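Undergrad: Here's the letter readout for the chains.
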Amino acid sequence: MTPPADGSRIAPVLTIADLAACFEGAVPAVIATASADGTPNVTYLSRVHAVDAERVALSNQFFSKTVANLAENPRASVLIIDPATYDQYRLTLVYERTERRGPVFERLRADVDMLAALEGMQDVFKLRAADIYRVLHIEQTPNARRRQQGPVLSATSAGPPPQSLAELSTRLARAADLDVLVAAAVRGLVDLFGYESATLLLLDEAGQQLFTIASHGYPDEGVGSEVALGDGVIGLAAERCRPVRVGNLRQLRKYSRTVRRSFDAQQAEGPGPDIPVPDLPDVQSQIAVPALALGQLLGVLAVESTQPVAFSEADEAALQVVATVLAGAIEAARSQERLAAPQPPAAPAPEPAAAAAPTAGTRVRFYDVDGSTFIDGDYLIKGVAGRLLWALLGHHQREGRVEFTNREMRLDPSLDLPAYRDNFESRLILLKRRLDEREAPIRIDKTSRGCFRLVVDGPLLLERA
Amino acid sequence: MLDDETTAFLQTGCALIVGTVGPDGAPHAGRAWGLDVVDGGSSPTVRLLLDVDDERTLDHVAELGAVAITATSVRTLHSMQLKGRSLGLADPDVGDEALLERYVDQFFTDITETDGTGLDLLATFRPFGQVPCLVEVHERFVQTPGPGAGARVR
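Sequence order for the protein chains is B and W.
In terms of the working numbering, the first sequence is residues 1 to 465.
In terms of the working numbering, the second sequence is residues 1 to 154.
So here's chain B without its partners, still in its complex pose (with noise of 0.2 Å):
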């Protein structure tokens, strides 16, 4: 029997490890259960779980009937898919017990948080409990190809090579600040680690939002765009502090989808208002791991897949490393920006704008409700960014200033920060990545450190709503 020259391996001795693929729920699972009086029940799982060599774990949050049934029966049959060569697999499972607390617990409702996030359905759809089932047979169901054959087992993503780990930190380590360091992040987890695309997002003044500081491999940049804590895949990492990785986007959306209609048509007990999800087409993979520094969150590293099950737990262990990497490089260009001493500008400045009040030109309309900022009627930025600009471009039509320094912006009261933990460095990059995503007509040159300069290119016509 030759070996298959895909990766994939043929096994003797079907075991759980083995079916790792199966796990990732990116086909839905089958259960049958039976109950006292010999009346079978047969339904879908949105995912079964490998607990360890010997057990498995499902969640099932509409499962009455399934329960009932185990109750007087705890025999179980299951049939889980290969995403990746469609063979079916039937598990033989004896109901062990139900944990509602502890480490399997929590991954499973990672899956059903998930679920719920998806649709806005957070305070309705959440895991009541996680039944343990001891495995005790596992089969192959027959298929064309695998009919003499024999099992062959799918490989998963051994995760990027420890050189390519070794080289993303060396250019983390080598970048001179933030704006360098968060763009190397990025396009090095595209360029080396071989990701399709790759997010920044970082953590707001409040705790309560992240925002896209940079990202690579997407058709637009999104610099500026939002995730809420608990939000999806990036938001619930956030909110967790912890890595969480799906393969089976796709169908988690439709399954979503389909309960929040049920709700909505018995109306029962609400979910919330719809929240907006960030939502790339044809994305199937998704890894969120939290940046943490001194045990604080920073932000979130995310990587995007458009086939299934694309990442393994070994993506999962190399993207914290980088998010660690990066979020104490992070923190340690945020402190040296706070303590640098204004330096003189590394060129002479150009020659200051005219004072007086154009009648043409560029418009930028700022609303003071929230910092929203538009340039010609497009939307910029808001927040701290947007009053950031707001105050740049004041200074810039009262005094003709170009030149300025971190210290004395962070020091503006009209930008609102908090006294502590303030966030300048990474909205002043946020703004300055996103006047150069638009091509604006409005750029901000770093000159030297903690120092910078505002370039502006023609008359400007500032309008506060």
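Okay, derived cross-link-like pairs now, EDC-like style, lysine to aspartate or glutamate, Cα gap no bigger than 20 Å in a straight line:
| hint | chain 1 | residue 1 | chain 2 | residue 2 |
| --- | --- | --- | --- | --- |
| 1 | B | Lys65 | W | Glu139 |
| 2 | B | Lys254 | W | Glu113 |
| 3 | B | Lys432 | B | Glu226 |
| 4 | B | Lys432 | B | Asp204 |
| 5 | B | Lys382 | B | Glu439 |
| 6 | B | Lys254 | W | Asp110 |
| 7 | B | Lys432 | B | Glu403 |
| 8 | B | Lys254 | W | Asp115 |
Stretch by stretch, here's where chain W covers chain B in the computed footprint (C-beta under 8 Å, at least three residues):
| hint | stretch |
| --- | --- |
| 9 | 85 to 96 |
| 10 | 253 to 259 |
It should be emphasised that the hints constitute simulated quantities derived from the structure, not laboratory data.
Note that this is a predicted model, so its numbers are computed, not measured.
Glycine included, C-beta positions come from ideal geometry on N, C-alpha and C.
Once you've looked at the hints, dock chain W against the given chain B.
TA: Here is chain W on its own, set in the frame of chain B:
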């Protein structure tokens, strides 16, 4: 019990999963590869195509055991469960092959269009052959995921 709308739903390429029970009370999960409503009236009966290689399901239905069939739309996850008793394996019919082909075509197309799985991969999933059986349906339940799942349809 199986009105026109239900019959249409059951016959249009839904994912079909089957639960049976052995003489020792052990449940067994399997799949079906086509369903035809033979009689939708007071004693509704369906003709179900089972996998020729799923010997335990075939044994259980041959012994006239209890059967559960869950049909689920791949596109919407709208789902219902039929419960009843096997009337035994049926004689192969000239229409069985056409039913299997029609079912596989609809089922696989729905999977491909909604989940993105390639038809070449799905082709390895189809059974070698089909064995028809007849099931008398006694009860029908809502199975769509959500708070109403498990409710009996009267």
